[in-house]
Amino acid sequence: MSVEKILDYRIEKDLLGEIQVPNDVFWGINTQRAIKNFKISGKTFPEIFIISLAQVKKACLLANLDLKLINNDIGEAILKVINEILEENKYLNQFPIDIFQTGSGTQTNMNMNEVLANRANQILGHPMGQKKPVHPNDHVNKGQSSNDVIPSTMHISALHMISEKLMPSLDRLKESLSKKIEEFKDIIKVGRTHLQDAVPIPLSLEFEVYKKQIEINKERLKKVCEELYYIPIGGTAVGTGLSAHEKFSELAVNHLLKITNMPFKVNPIKAEGISSHNTIVNASSGIRLLALSLLKMANDIRWMGSGPRAGLSELILPQNEPGSSIMPGKVNPTQSEALIQACLQTIGNDSVVSFAEAYGSILDLNVCKPIMIVNLLNST
Amino acid sequence: MIVTNLTPLIGYDKCSAIALKAYDEDKSIKEVIDEMGLKFEENIDKLLDPKRMV
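These protein sequence lines map, in sequence, to chains A and B.
For the first sequence, the positions run 1 to 380 when our numbering is used.
For the second sequence, the positions run 1001 to 1054 when our numbering is used.
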């Protein structure tokens, strides 16, 4: 039995020295150092971010293969691993690094580079941790920097969540509201201003307001998506494209378009998409506005449903569960309360995103990237 | 960090070693490359010229 088997770890080296990496993991020395250096929240990136990062890696790899900058055998092995992630959801448990890490997301980019390189080396019949023949920086990260890869991944993951999760939920909400509008169309109730009796109003009109706000927010989010399609891939460290082939960005973005089925374009000023994340702030504030609309709806509904004997009693809310541990028979507007709390969380997330732009966008690199995207994704 | 321009030629790890040695011994990247006896097809001054990196 080899020494490594007995010890259950392998020794990996970098410029700072040697450390132990468990034998049964695909990550390498960069990731292992990050696990130790960033024991902070215990929170890791959501899966959609890791999947989006794998999509970026695939696009970049295919661009490098087009340009014949990577040997075919090495390229095919890396591609196989990326497809294992994208098609079979493999290795998603290989990303253990805390979200509170370097502001550029470098540790998570390297985590991906190491997982892809180690598994590719294994496929090619070589031991892990040797960076041979597949090197995490020289092959997997070729023509890339965390500084252009992570912003691109931020945009892609945000777009996945907005278009695949948020928009369909808004459509379902619109449908439910339409049903209520139809159901309530002949009911006339007291309209109220300043919480005081005003003039009559159809109950359906209250719900028309909520529906209209959803429509306005959907249109706004569509414009947000248009901005998110511009990514700084190929800009490398500061947007100048140093060490990437001059045709790299166009090729990579075209591959990304096919991989994601979304109309990505290269940001004409790549440095803009690296040094600042205006578009992420815009996306976040679009979702904050949606949260404010939902907050109004949830508040109105719980007010109209107040009672049953000594409140407004205009709506009978679904009785989903007993509401009190001491007051028998009490039923509360818990769905409204849950929605209100989710909205408040979203407004808080948006504040973090704004501060991350304000404090993070200094000189040529925004260095609050992880919390920006984690908070934005949390709001979707 | 001009050594970044050499990564496509000699790889990340060797470039890291050059950068660290230059910093530790207070030398320029070019001095370290000369000491290590590394040769490049293109003129080293051109490879390390910041104007050609943008």
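Honestly, I wouldn't trust all of these hints.
To be verified - Below, simulated DSS-like cross-link-like pairs (lysine-lysine); rule was C-alpha separation at most 27 Å, straight line: (1) B:1051 - A:132; (2) B:1051 - B:1014; (3) A:13 - B:1039; (4) A:247 - B:1051; (5) A:13 - B:1046; (6) B:1014 - A:13; (7) B:1014 - A:36; (8) A:296 - A:212; (9) B:1046 - A:68; (10) A:68 - B:1027; (11) B:1027 - A:13.
Unchecked claim - With beta-carbon atoms standing in for the labels, derived distance ranges: (12) A:126 - B:1023: 30 to 38 Å; (13) A:378 - B:1011: 35 to 43 Å; (14) A:37 - B:1025: 44 to 52 Å; (15) B:1054 - A:178: 17 to 25 Å; (16) B:1023 - A:342: 43 to 51 Å.
Since the hints were derived computationally from the structure, they do not count as laboratory data.
Note that the Cβ used here is the ideal one computed from N, Cα and C, for glycine as well.
Hints versus structure:
Distance hint between residue 1051 (chain B) and residue 132 (chain A) is unfulfilled; the C-alpha atoms sit about 34 Å from each other, more than 27 Å. A hinted pair counts as satisfied when its Cα atoms are at most 27 Å apart, and residue 1051 (chain B) with residue 1014 (chain B) qualifies at roughly 23 Å. A C-alpha spacing of about 26 Å is found between residue 13 (chain A) and residue 1039 (chain B), which places the hinted pair at or below 27 Å, so the restraint holds. Note on residue 247 (chain A) and residue 1051 (chain B): the hinted pairing holds, with a Cα-Cα distance of about 20 Å set against a maximum of 27 Å.
Under the criterion of a C-alpha separation no larger than 27 Å, the hint pairing residue 13 (chain A) with residue 1046 (chain B) is inconsistent with the structure, at around 32 Å. For the given pair, residue 1014 (chain B) sits about 13 Å from residue 13 (chain A) by alpha-carbon distance, which is consistent with the 27 Å threshold. Between residue 1014 (chain B) and residue 36 (chain A) the alpha-carbon distance is near 25 Å, which keeps this suggested pair within the 27 Å criterion. For the hint linking residue 296 (chain A) to residue 212 (chain A), the alpha-carbon distance of about 13 Å falls within 27 Å, and the restraint holds.
Simply put, residue 1046 (chain B) and residue 68 (chain A) have alpha-carbon atoms about 24 Å apart, close enough for the 27 Å limit, and the pair holds. A threshold of 27 Å between alpha carbons decides the hint, and for residue 68 (chain A) with residue 1027 (chain B) the separation of about 35 Å lies outside it, so the pair is violated. Using a Cα cut-off of 27 Å, the hinted pair residue 1027 (chain B) and residue 13 (chain A) holds, with the two alpha carbons roughly 24 Å apart. A C-beta distance of roughly 32 Å is found between residue 126 (chain A) and residue 1023 (chain B), which places it inside the suggested range of 30 to 38 Å.
Taken as a hint, the range 35 to 43 Å holds for the pair residue 378 (chain A) and residue 1011 (chain B), whose Cβ atoms sit roughly 38 Å apart. At roughly 27 Å, the beta carbons of residue 37 (chain A) and residue 1025 (chain B) sit outside the given window of 44 to 52 Å. A beta carbon spacing of about 56 Å between residue 1054 (chain B) and residue 178 (chain A) contradicts the range 17 to 25 Å that was offered as a hint. Range check, residue 1023 (chain B) to residue 342 (chain A): about 49 Å between beta-carbon atoms, so the 43 to 51 Å window is met.
The structure is inconsistent with the numbered hints 1, 5, 10, 14, 15, although it conforms to all the rest.
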